[in-house]
Amino acid sequence: MPEGADTLVAGRTAQARIALLESEIAEAQVLIGELRDRDLLKTQFLSNISHDLRTPLTAIITHAEILREGILGDVTPKQRESISVIITGGRQLLDMIAEILMHARDSSEPSTLVESEFSVQELVEQVTTLNESLVARKGLVLERRLSPEVPPVRADRDKVIHVLTNLLGNAFEFTPPGGSVWVSAARSPDDPARFVLLEVGDTGLGIAQDHHELIFREFAQVDSSASRVHHGTGLGLTIARRFVELHGGRIWLESELGRGSRFFFTLPIRPDH
Amino acid sequence: MVRRILLVEDSELISSGLRILLESRGYEVTIAASAAAAIEWSGETAPDLVLLDLTLPDADGLEVIEGLSQRGIRPRAVVALTGHADAATRERCAVAGCDAVLVKPVPVQELLRIVSDKVA
Numbered sequence: 001m002p003e004g005a006d007t008l009v010a011g012r013t014a015q016a017r018i019a020l021l022e023s024e025i026a027e028a029q030v031l032i033g034e035l036r037d038r039d040l041l042k043t044q045f046l047s048n049i050s051h052d053l054r055t056p057l058t059a060i061i062t063h064a065e066i067l068r069e070g071i072l073g074d075v076t077p078k079q080r081e082s083i084s085v086i087i088t089g090g091r092q093l094l095d096m097i098a099e100i101l102m103h104a105r106d107s108s109e110p111s112t113l114v115e116s117e118f119s120v121q122e123l124v125e126q127v128t129t130l131n132e133s134l135v136a137r138k139g140l141v142l143e144r145r146l147s148p149e150v151p152p153v154r155a156d157r158d159k160v161i162h163v164l165t166n167l168l169g170n171a172f173e174f175t176p177p178g179g180s181v182w183v184s185a186a187r188s189p190d191d192p193a194r195f196v197l198l199e200v201g202d203t204g205l206g207i208a209q210d211h212h213e214l215i216f217r218e219f220a221q222v223d224s225s226a227s228r229v230h231h232g233t234g235l236g237l238t239i240a241r242r243f244v245e246l247h248g249g250r251i252w253l254e255s256e257l258g259r260g261s262r263f264f265f266t267l268p269i270r271p272d273h
Numbered sequence: 001m002v003r004r005i006l007l008v009e010d011s012e013l014i015s016s017g018l019r020i021l022l023e024s025r026g027y028e029v030t031i032a033a034s035a036a037a038a039i040e041w042s043g044e045t046a047p048d049l050v051l052l053d054l055t056l057p058d059a060d061g062l063e064v065i066e067g068l069s070q071r072g073i074r075p076r077a078v079v080a081l082t083g084h085a086d087a088a089t090r091e092r093c094a095v096a097g098c099d100a101v102l103v104k105p106v107p108v109q110e111l112l113r114i115v116s117d118k119v120a
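Residue numbers (my numbering), protein chains in the order written: chain A, 1 to 273; chain B, 1 to 120.
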């Protein structure tokens, strides 16, 4: 090192160092801004592509249904079976696209609540009734355990339907034929004046303790137990948690491998109840 | 009497299926691929039913209702088609004068049932 270099460094004034740090901070801020822009771009791309994926998929499903219904001519039972697989697969894909779209929208412009006051019993009836044919087809038992004293809630109805549908969908998927799935609702034992506690439980495969937090994370899927073959986006529970927390509620689960799962979430009771 | 349906849908992939479906039940179907094309409805009398996609290339689908109305054309019923029917969308449709909101892809039997109810 040439003599005098040390002297040069040492000779820098404190002000010069501050100036350097400041310019580094400024650079870092520019970089953060650029990264944010890129992240937004990616989210917008995800949102656009999800939207554009729906159109051809909708056409595929509609045309498959036209064939299945025999509108263009008779179909054999084997052909009908095959067409039904196209429709089921198409609808699954559509649900996944809807989840990605919902997640992308929520990341770029966080959801706000469109609140109304409604009866939990009626909502549970509505959502479970929609699933009755699936429950019968899968050979499951679906029970509603609704305490008659559950007060009405003040919440975003669409979002609560989404949470409940998602939890029920998981319960149906991971419970073998002959098993039970139940939905219960009552005042929350922890905070009975302010919250209603809903539960979606099943006698299905269960989830290992060390995955209880993981499954709520973005894109996470639990498949290491080998018994769970999940084919979703890994966004369902992330969105569910986000929606519940937007209401000031909480979502969690109690489960063990092989012992079923119980998912719980709370919703705010309508004020003055 | 043959019932006439104006199908406002910009995607040919979608309109082709709906046309097959509706024509199979004897409806006369006219397809408009934009709001402008829909508003230029050339029939002498109003269509019995308008099936309206909410996302059109040139306008919000609901503007078609207003556009037709300004020309004195009042269909017997308007049914909105959308990929995503949240509470806000349903409210907007109701205010604009839609009689029903259906989520695409509408199961074909449900679509036929609702169309038949609305034009009856």
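I should point out that these hints are in silico values taken from the structure, not numbers from a laboratory. One thing to keep in mind: the hints can contain errors.
To be verified - Coverage of chain B stretches by chain A, computed from C-beta distances (three or more under 8 Å per stretch; other residues unrestricted):
1. 5-19
2. 42-52
3. 83-93
What the hints assert, rightly or not - Now the in silico label distances, taken between C-beta atoms and shown as ranges:
4. B:1 to A:44: 20 to 28 Å
5. B:97 to A:129: 23 to 31 Å
6. B:113 to A:126: 13 to 21 Å
7. A:178 to B:58: 51 to 59 Å
8. B:55 to A:149: 25 to 33 Å
9. B:58 to A:254: 16 to 24 Å
What the hints assert, rightly or not - Among chain B residues calculated to face chain A with C-beta under 7 Å, some are:
10. 69
11. 105
12. 118
Virtual Cβ for every residue (Gly too), placed ideally from N, Cα, C.
Here's how the hints hold up against the structure:
For the segment 5-19 of chain B, the proposed coverage by chain A is satisfied: 6 residues have a C-beta within less than 8 Å of a C-beta in that chain, meeting the threshold of three. Look at the segment 42-52 of chain B against chain A: 0 of its residues bring a Cβ nearer than 8 Å to a Cβ of that chain, fewer than three, so the hint is violated. Three residues within the 8 Å Cβ limit are the bar, and the segment 83-93 of chain B against chain A gives 5, so the coverage statement holds. At roughly 49 Å, the beta-carbon separation of residue 1 of chain B and residue 44 of chain A lies outside the given 20 to 28 Å, and the hint is violated.
With their beta carbons about 30 Å apart, residue 97 of chain B and residue 129 of chain A fall inside the hinted range of 23 to 31 Å. In this structure, residue 113 of chain B and residue 126 of chain A meet the distance hint of 13 to 21 Å, their C-beta atoms being roughly 20 Å apart. Checked against the given bound of 51 to 59 Å, the beta carbons of residue 178 of chain A and residue 58 of chain B, roughly 55 Å apart, stay inside it. Our hint of 25 to 33 Å for residue 55 of chain B and residue 149 of chain A is violated, since their Cβ atoms are close to 44 Å apart.
At about 53 Å, the beta-carbon gap between residue 58 of chain B and residue 254 of chain A misses the expected band of 16 to 24 Å. Checking residue 69 of chain B against chain A by beta carbon gives a least distance of about 28 Å; that is not within 7 Å, so the hint is violated. This hint holds: residue 105 of chain B has a C-beta 4 Å from the nearest C-beta of chain A, less than the 7 Å allowed. For residue 118 of chain B, the interface hint is violated, the least distance from its beta-carbon to any beta-carbon of chain A being 19 Å, above 7 Å.
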